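Participant: These protein sequence lines map, in sequence, to chains A and B. Under our numbering, the letters of the first sequence match residues 1 to 111, in that order. Under our numbering, the letters of the second sequence match residues 1 to 114, in that order.
In short, the hints are calculated from the structure, not lab data. Just so you know, these numbers come straight off a predicted model, no measurement behind them. Just to be clear, a hint being listed does not mean it is correct.
[To be verified] Derived pair list, reagent style BS3-like, types lysine-lysine, alpha-carbon separation capped at 25 Å:
{"no.": "1", "chain 1": "B", "residue 1": "36", "chain 2": "B", "residue 2": "71"}
{"no.": "2", "chain 1": "A", "residue 1": "3", "chain 2": "B", "residue 2": "40"}
{"no.": "3", "chain 1": "B", "residue 1": "71", "chain 2": "A", "residue 2": "3"}
{"no.": "4", "chain 1": "B", "residue 1": "24", "chain 2": "B", "residue 2": "71"}
{"no.": "5", "chain 1": "A", "residue 1": "98", "chain 2": "B", "residue 2": "44"}
{"no.": "6", "chain 1": "A", "residue 1": "42", "chain 2": "B", "residue 2": "24"}
{"no.": "7", "chain 1": "B", "residue 1": "79", "chain 2": "B", "residue 2": "44"}
{"no.": "8", "chain 1": "B", "residue 1": "79", "chain 2": "B", "residue 2": "24"}
{"no.": "9", "chain 1": "A", "residue 1": "98", "chain 2": "A", "residue 2": "3"}
{"no.": "10", "chain 1": "B", "residue 1": "40", "chain 2": "A", "residue 2": "103"}
{"no.": "11", "chain 1": "A", "residue 1": "42", "chain 2": "B", "residue 2": "44"}
{"no.": "12", "chain 1": "A", "residue 1": "103", "chain 2": "B", "residue 2": "71"}
{"no.": "13", "chain 1": "B", "residue 1": "41", "chain 2": "A", "residue 2": "42"}
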Amino acid sequence: QEKVQQSPESLIVPEGAMSSLNCTFSNSASQSIWWYQQHPGKGPEALISIFSNGNKKEGRLTVYLNRASLHVSLHIRDSQPSDSAVYLCAVTAGGNYKPTFGKGTSLVVHP
Amino acid sequence: ETAVFQTPNYHVTQVGNEVSFNCKQTLGHDTMYWYKQDSKKLLKIMFSYNNKQLIVNETVPRRFSPQSSDKAHLNLRIKSVEPEDSAVYLCASSYTDSSGNTLYFGEGSRLIVV
Numbered sequence: 001q002e003k004v005q006q007s008p009e010s011l012i013v014p015e016g017a018m019s020s021l022n023c024t025f026s027n028s029a030s031q032s033i034w035w036y037q038q039h040p041g042k043g044p045e046a047l048i049s050i051f052s053n054g055n056k057k058e059g060r061l062t063v064y065l066n067r068a069s070l071h072v073s074l075h076i077r078d079s080q081p082s083d084s085a086v087y088l089c090a091v092t093a094g095g096n097y098k099p100t101f102g103k104g105t106s107l108v109v110h111p
Numbered sequence: 001e002t003a004v005f006q007t008p009n010y011h012v013t014q015v016g017n018e019v020s021f022n023c024k025q026t027l028g029h030d031t032m033y034w035y036k037q038d039s040k041k042l043l044k045i046m047f048s049y050n051n052k053q054l055i056v057n058e059t060v061p062r063r064f065s066p067q068s069s070d071k072a073h074l075n076l077r078i079k080s081v082e083p084e085d086s087a088v089y090l091c092a093s094s095y096t097d098s099s100g101n102t103l104y105f106g107e108g109s110r111l112i113v114v
């Protein structure tokens, strides 16, 4: 069964700083990795995904995937107080109908 | 804009009672899921359906039973709730294709068992 671990458990950064979140997974055959953002009292919302080794950039978000080390990271440039939320990493193996989530990183961006 | 609708949002009940949660998606997706989210925010998949067919049935107590009338609806019934069932139950939907599957979640149904 896929195992997904996230670090750090919580992160506090000042407004304007770079926020860096990490995720490791156990199955090298995992096909896709997603990052979700969850605000209190809301359901998770998909932010960005990556399927191939390397990096992908969308706006202030950059995600890096290294399949050899089973590691993916999410970087949020110019962090804003509105970015304060729990960030969840989710991994899906090919043809698998059960995306597996990590425990999340709680990000707080203070003004 | 919400496209996965869950009811009720919040429910308090006593041990031993029966509870049902309803979920509807208006995205035209072919797969729906139920996840349980505990107090530490960990999401654990319980069930997933593809075109009304049960395809993932994780190890959950038998008092939990999913029901799907069509691919846009997936309900969850809990017979005789226990205190450890207190959690947020999240419904999600997705397309399923070779590039992976983005999940679209509802806002959750919080269950408190007293």
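Participant: For every hint, state whether the structure bears it out.
Facilitator: Outcome of the hint check:
About 20 Å separates the Cα atoms of residue 36 (chain B) and residue 71 (chain B), which keeps this hinted pair within 25 Å; it holds. Annotation: proposed proximity of residue 3 (chain A) to residue 40 (chain B) holds, straight-line Cα distance about 17 Å (limit 25 Å). For a cut-off of 25 Å, the pair hint linking residue 71 (chain B) to residue 3 (chain A) is broken: about 29 Å separates their Cα positions. With a C-alpha separation of about 9 Å, the suggested pair residue 24 (chain B) and residue 71 (chain B) falls inside the 25 Å cut-off, and the hint holds.
For the given pair, residue 98 (chain A) sits about 9 Å from residue 44 (chain B) by alpha-carbon distance, which is consistent with the 25 Å threshold. For the suggested pair residue 42 (chain A) and residue 24 (chain B), the alpha carbons sit about 16 Å apart, so the restraint of at most 25 Å is met. Between residue 79 (chain B) and residue 44 (chain B), the direct Cα distance comes to roughly 19 Å. Compliance with the 25 Å bound is thereby established for this hinted pair. Pair hint residue 79 (chain B) plus residue 24 (chain B) holds up; C-alpha atoms about 21 Å apart against a cutoff of 25 Å.
The straight-line distance between the Cα atoms of residue 98 (chain A) and residue 3 (chain A) is roughly 12 Å, inside the 25 Å bound, and the hint therefore holds. Of the pairs offered as hints, the one joining residue 40 (chain B) and residue 103 (chain A) holds, with about 7 Å between alpha carbons and a cut-off of 25 Å not exceeded. A threshold of 25 Å between alpha carbons decides the hint, and for residue 42 (chain A) with residue 44 (chain B) the separation of about 16 Å falls inside it, so the pair holds. For a cut-off of 25 Å, the pair hint linking residue 103 (chain A) to residue 71 (chain B) is broken: about 29 Å separates their Cα positions.
Distance check on the hinted pair: residue 41 (chain B) and residue 42 (chain A) sit about 12 Å apart at the alpha-carbon level, within 25 Å; holds.
The structure fails to meet hints 3, 12 from the earlier list, while all remaining hints are met.
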